[in-house]
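All chains, please: the whole structure from these sequences, using the hints.
Each chain is listed here by its residues.
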Amino acid sequence: MSEAGVRAAELADAAVAGDRRALARLLTAVENRTATAEVALRRLYPGTGRAHLVGITGAPGAGKSTLVAALIAEARLAGRAVAVVAVDPSSPITGGALLGDRVRMQAYASDDGVFIRSMASRGHAGGLAATSTAAATVLDAAGFDLVLLETVGTGQSEVEVARTAATTVVLEAPDMCDEVQAIKAGLLEVADIVVVNKGDRPGAQRTAAQLRAMLTASASPRPAPGAGGEAADHPRPKRPDVLVTTASTGEGVPALLAALDRHRAAGRDGLADAARLARAEAQVWEIVAERLRDRLHRTAAGPTTESTLRAVADHRLDPYAAAALLLASLAGGPPRA
Amino acid sequence: MSERPIKVLIAKPGLDGHDRGAKVLARGLRDEGFEVVYTGLRQTPEMIATTALQEDVDVVGLSILSGAHMTLLPRVTRLLRERGLDDVLVTAGGIIPDDDIPALREAGVAAVFGPGTTIAEVAAYFRTHVRQPEG
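Going line by line, the protein sequences match chains A and B. Just so we're aligned, residue 1 is where the first sequence starts under this note's numbering, counting upward by one. Just so we're aligned, residue 1 is where the second sequence starts under this note's numbering, counting upward by one.
Calculated directly from the structure, the hints in this document are not laboratory data. Take the hints with a grain of salt, since some may be wrong.
[To be verified] Simulated restraints, written as ranges between beta carbons of each label pair: (1) B:T128 / A:H315: 45 to 51 Å; (2) A:Y45 / B:P115: 37 to 43 Å; (3) A:D13 / B:P115: 43 to 49 Å; (4) B:G116 / A:L330: 52 to 58 Å; (5) B:D98 / A:G186: 53 to 59 Å; (6) A:A4 / B:T128: 25 to 31 Å.
[What the hints assert, rightly or not] Covered by chain B, according to a simulated footprint, are these stretches of chain A (three or more residues, beta-carbon under 8 Å): (7) 38-49; (8) 91-101; (9) 186-195.
From a predicted model like this one, the values you see are computed outputs, not experimental measurements. Glycine is no exception: its CB is placed at the ideal position from the N, C-alpha and C atoms.
What follows is the structure in C-alpha cells.
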C-alpha cells in the first residue's frame, strides 16, 4: 500500500475507534472526493449496514431541523448514538453556502453521543450533496445507531434521498397540502412515513386526515409476502404511515421514533430486499457515471471529448452520434484501478 | 474537485443577544464563496470547540459584543488546542478595545476585526491565512 493509502487506512481505523477528529477529517476527505476517501470507504464498507439511515425531507421551513433535534433528544433518552448529515444548498453563482441547520441542534453540540455535520450541496441537484451517501456510510462505520440525513428544502420531485436512506420521512406543514397535492406523483410517493409537523397549528389534523385518505386508502393492497412475483411484476406505491408532530415541543416525536423502528425492523425481516438492492444500484451507478465523466474529460480522450461536444453545439453532429463516439473512445482506453 | 471552498464557523460566544453583525458577515462570506456554518446565539466555548471539530472548519470567526472577550476567547482557543485543532485559524470581531488585542493575539486569536472592517477585507484575510491541508 502507498504511503497515502496507509494514512487513509489509519484515518479510517481511528474514526471507527471513536476518534472524533479523525471522523471529521475523513468526512472532509469524502466531501472533497480525495483519494484518501476512496481508500477509507473501501476499507470501511464491509463493516457498515448496521446503522438505521433515515432521510428527512420536505419544503423549506417545514421544520426538518427542529424535527431532527427532537429525534436526537428522543433517541438519546434511549441511550442511542445519533449522527446527523444536514445538507444546505450551495450558491449556483459563487459556490458559497450558508449552513444553518445546526442552529436548531446546538443543544446537543457537547453531547458525546451525537455527531452533527453540515454539508453544502455543491451544485448537486436532488436534495443532497453528491457525497452525502458516502458520508452516511462513514458515520455508519463509526458506530452510530441512527444516522439522520436532512435534505435541503425540497419541492415536489427531489426524491434522491429515498435512494440513500433505508427509511424516508417526508415532512408537510399544515394546510400546505390539499387532496390534489397529495395524489401528485413525486416526493410523497417515496415517503415511508409522512409527518405533518407544526401539529399545534390549526389545520394540522385536517391535513393529516386528507393525506391519510389519499395516500393510505387509495393504494391497492399488497399481496402477502411470499405470494410471489409482486416485486418484479409491477412496482406498487408505498402506503406510508401519516403522523402528526410538534417538533418544537416534542409532541408526537416518541410515536415517530417508534414508527421508524418498526420500519427498520420490517427491513431487517427481508421485506425491503428490493429497496436495498435499489440503493446499492444507485450507489454503484453514481460511481460508474462519475468515472466515465472523469475518463472522458481528464485522460487522453479529453481533446476528442471537447471537439465532439463542440460539434454538437454547432449542430454539425447530433447528440446520439456524439454519445456513441464517446462510448467507443472509452472502449479502447486502459482500465483504471 | 479542483478547488474546495474554505469552511468557516461563525459563532457567538457568551450572552449578548445581538447577532445581526454575525449574520451579515455570514451572508457576505457566502457571497465570497465560503461555506459558512452559523450556529446562532449564546454558544459556550465548549459548544464552539466541538462544532469546529465536527464540522472540520478551516476558520473560527468569533463575534462578541458583550465585553467578556478576555474570558471567553482564550477559553475557545485553549479548547481548540486541547482537541487537536491547532491548525484552525481563529479570528474575532465585534467590540474589542485595542488595548486588549495583544493579549488576545498571545492567546491564539490571529486577528481582530473591529467596526468598519469590510467583508472583502475579512475574506481576503481568510484566503491568505488558511492553511489548506494536502490530499
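### Task
State the violated hints by number, sorted upward, taking the hints as numbered earlier in the document.
2, 7, 9
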